[in-house]
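Chemist: Use these hints to put chain D onto chain W, whose structure you have.
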Amino acid sequence: MTTLRALMQPHRIVMLLLLVAVVIWCAVTLRWDWIPEYAPLALEGLWRTIWIMVVTCILGFALAVPLGLAQAVGPWYLAAPARAFCTIIRGTPLLLQIWLLYYGLGSLFPQIPWIRGSELWPYLRQAWPYAVLALTLSYAGYEGEVMRGAFSSVNKGQLEAANAFGMPRLTMFRRIWLPQAIRNVLPTLGGETILQLKATPLVATITVVELYAVSSRVRSDTFIVYEPLILLAVFYMIIAGIIALAFKRLEDRVPG
Amino acid sequence: MDFLFETFGLAESAKLLSLSPPGWGGNLLRGLANSLQIAFGAFGFGLLIGLFGAYGKLYGGVVLRDLLAVYTTVIRAVPELVLILILYYVGTDLINQVAQAMGYGRVEISGVVAGIWVLGVVQGAYATEVLRGAIQAIPSGQIEAARAYGMPPFLLMRRVTIPAMMSFATPGLANLWLIATKDTALLAIVGFSELTLETRQAAASTRAYFTFFLAAGALYLLVTLFSGVVFGRIEKWARRGQPSLRGGSR
Chain W
1 MTTLRALMQP HRIVMLLLLV AVVIWCAVTL RWDWIPEYAP LALEGLWRTI WIMVVTCILG
61 FALAVPLGLA QAVGPWYLAA PARAFCTIIR GTPLLLQIWL LYYGLGSLFP QIPWIRGSEL
121 WPYLRQAWPY AVLALTLSYA GYEGEVMRGA FSSVNKGQLE AANAFGMPRL TMFRRIWLPQ
181 AIRNVLPTLG GETILQLKAT PLVATITVVE LYAVSSRVRS DTFIVYEPLI LLAVFYMIIA
241 GIIALAFKRL EDRVPG
Chain D
1 MDFLFETFGL AESAKLLSLS PPGWGGNLLR GLANSLQIAF GAFGFGLLIG LFGAYGKLYG
61 GVVLRDLLAV YTTVIRAVPE LVLILILYYV GTDLINQVAQ AMGYGRVEIS GVVAGIWVLG
121 VVQGAYATEV LRGAIQAIPS GQIEAARAYG MPPFLLMRRV TIPAMMSFAT PGLANLWLIA
181 TKDTALLAIV GFSELTLETR QAAASTRAYF TFFLAAGALY LLVTLFSGVV FGRIEKWARR
241 GQPSLRGGSR
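Which chain is which? The protein sequence lines are W and D, in order.
FYI, the UniProt record's numbering numbers position 56 of the first sequence as 56, with every residue one higher than the one before it.
FYI, the UniProt record's numbering numbers position 98 of the second sequence as 98, with every residue one higher than the one before it.
None of these hints come from the bench; they were simulated from the model.
Every residue, glycine too, gets a C-beta built ideally from N, C-alpha and C.
Be aware that a few hints might be false.
Residues of chain D clear of chain W, computed beta-carbon distances all greater than 10 Å [to be verified]:
1. 41
2. 108
3. 158
4. 210
5. 213
6. 237
Derived DEER-like restraints, expressed as beta-carbon distance ranges [unchecked claim]:
7. W:80 / D:61: 50 to 60 Å
8. D:190 / W:180: 36 to 46 Å
9. D:222 / W:75: 35 to 45 Å
10. D:90 / W:179: 38 to 48 Å
11. D:222 / W:149: 18 to 28 Å
12. D:44 / W:87: 38 to 48 Å
13. W:122 / D:44: 48 to 58 Å
The following block holds chain W by itself, in its conformation from the complex (with noise of 0.2 Å):
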């Protein structure tokens, strides 16, 4: 065990008692009397974004791939929109970005009967499908950038070896781009993953109830300012740790 034995240094030793130390203080001096009666709110509130960081996580990733397809190898007429579509993305705040899908198409579709009147109506009513749409988009824009750069790295001989054994181009993509694609980015990829994790509390300013606002919720009925923001911090550092390992697990199991 190499890292137990890197812990076991003398201000090592030091510093975690030292932490242990202010974890035992705050445990006893701070008030935490609140977290039974919040504890059903803030599980589903934990639940809420994971959910939603992994569903925009998939469907902007699925999003990034023909974006950066476009234009690596795209003609000018689908390159030039992806590449106005990232910059767009990657050019202004997140939060202005949701405010303007949940205020401005919020403030538009009732406006247009049709869509009063269809069956997604009671779903656009509500806040999430517009946070969703959101953190889609915006992970697309990062991603699509990611991608661009991946897939002109994948080696021109390995496609040049495929096509004259006559595989089918979609077979290529799926069997030998596509996978070494993604192999190349793997850790950038995981860095954004911890970024898109790191935006979802801004889905509480649309009042959507994730973690963020549960702890927002508990600050403002019960005037007890530090400990749910540090509870929260904790939660948070804890999710991007496991994001962080199940990466890592993955890259060490993709060969190399």
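Modeler: Chain D alone, transformed into the frame defined by chain W:
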């Protein structure tokens, strides 16, 4: 000009965005000025933290190195929004306690200072990593040569390390600057009237959401594109005298 607006049905939007009081253009520009002020301050403060952080990580003792590792890891794992709230409350509490201990009353903290402090601490963590990588990329012989001649540490930093690392650090710093401009939008949530909050207020009171949010988006995009040009220039300047990466051109 008016004719153009009429034909495209944009007369209403043009009136809403006009600079004089019935329009809200002046408010948006004031918000943009606030945003840029904070972005500049936070970027500079972050660079300062980053420079010392990078030096600490590279040349500091074991304890300092571990503490800096904790700082960069924690800041990069927790959402900016949560950090902003924590640092905002901690900062105002600390200053008020100091003021009360010294016998003054409660102090009102200006939004600009609070924003620079909060975003600067966040930027510092990222800048530490960028600058550490850049300093490590300098051929070690250059720094050793300066040391061998007995150059004092600060002169060495000013004359050798900073100029030599500039070309490696500029792409990362350009990225950080863009993050700084976009992160100012988060200050809207603590009620500081920068561009995003001004936009939302204007949009909410006129119900013209698309007009204002698109206008603000265009302003942010202008800043981003302009910064791209400026940083391109800086990078070209920082790489002067170095062989081009592209090859072919001599």
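Chemist: Confirm or reject each hint.
Modeler: Now for the hints, and whether the structure bears them out:
1. The Cβ of residue 41 of chain D lies farther than 10 Å from every Cβ of chain W, with a closest approach of about 18 Å, so its non-interface assignment holds.
2. The Cβ of residue 108 of chain D sits about 18 Å from the closest Cβ of chain W, beyond the 10 Å cut-off, so the non-interface label holds.
3. The Cβ of residue 158 of chain D lies farther than 10 Å from every Cβ of chain W, with a closest approach of about 32 Å, so its non-interface assignment holds.
4. Consistency note on residue 210 of chain D: stated as away from chain W, yet its beta-carbon is not over 10 Å from all of that chain's, at 5 Å minimum.
5. With a minimum CB-CB distance of about 4 Å to chain W, residue 213 of chain D fails to clear the 10 Å threshold, and the non-interface call is violated.
6. For residue 237 of chain D, the condition that its CB be more than 10 Å from all CB atoms of chain W holds, with the nearest at approximately 24 Å.
7. For residue 80 of chain W and residue 61 of chain D, the hinted distance range of 50 to 60 Å is satisfied, since their beta carbons lie about 53 Å from each other.
8. Distance hint for residue 190 of chain D and residue 180 of chain W: a CB-CB separation of about 45 Å, consistent with the stated range 36 to 46 Å.
9. Under the hint 35 to 45 Å, the C-beta atoms of residue 222 of chain D and residue 75 of chain W, about 29 Å apart, miss the expected range.
10. Separated by about 47 Å at the C-beta atoms, residue 90 of chain D and residue 179 of chain W satisfy the suggested range of 38 to 48 Å.
11. Between residue 222 of chain D and residue 149 of chain W the C-beta distance comes to about 26 Å, which sits within the given range of 18 to 28 Å.
12. The hinted window of 38 to 48 Å between residue 44 of chain D and residue 87 of chain W is violated, with their beta carbons roughly 26 Å apart.
13. Between residue 122 of chain W and residue 44 of chain D the beta carbons are some 50 Å apart, a value that agrees with the proposed interval 48 to 58 Å.
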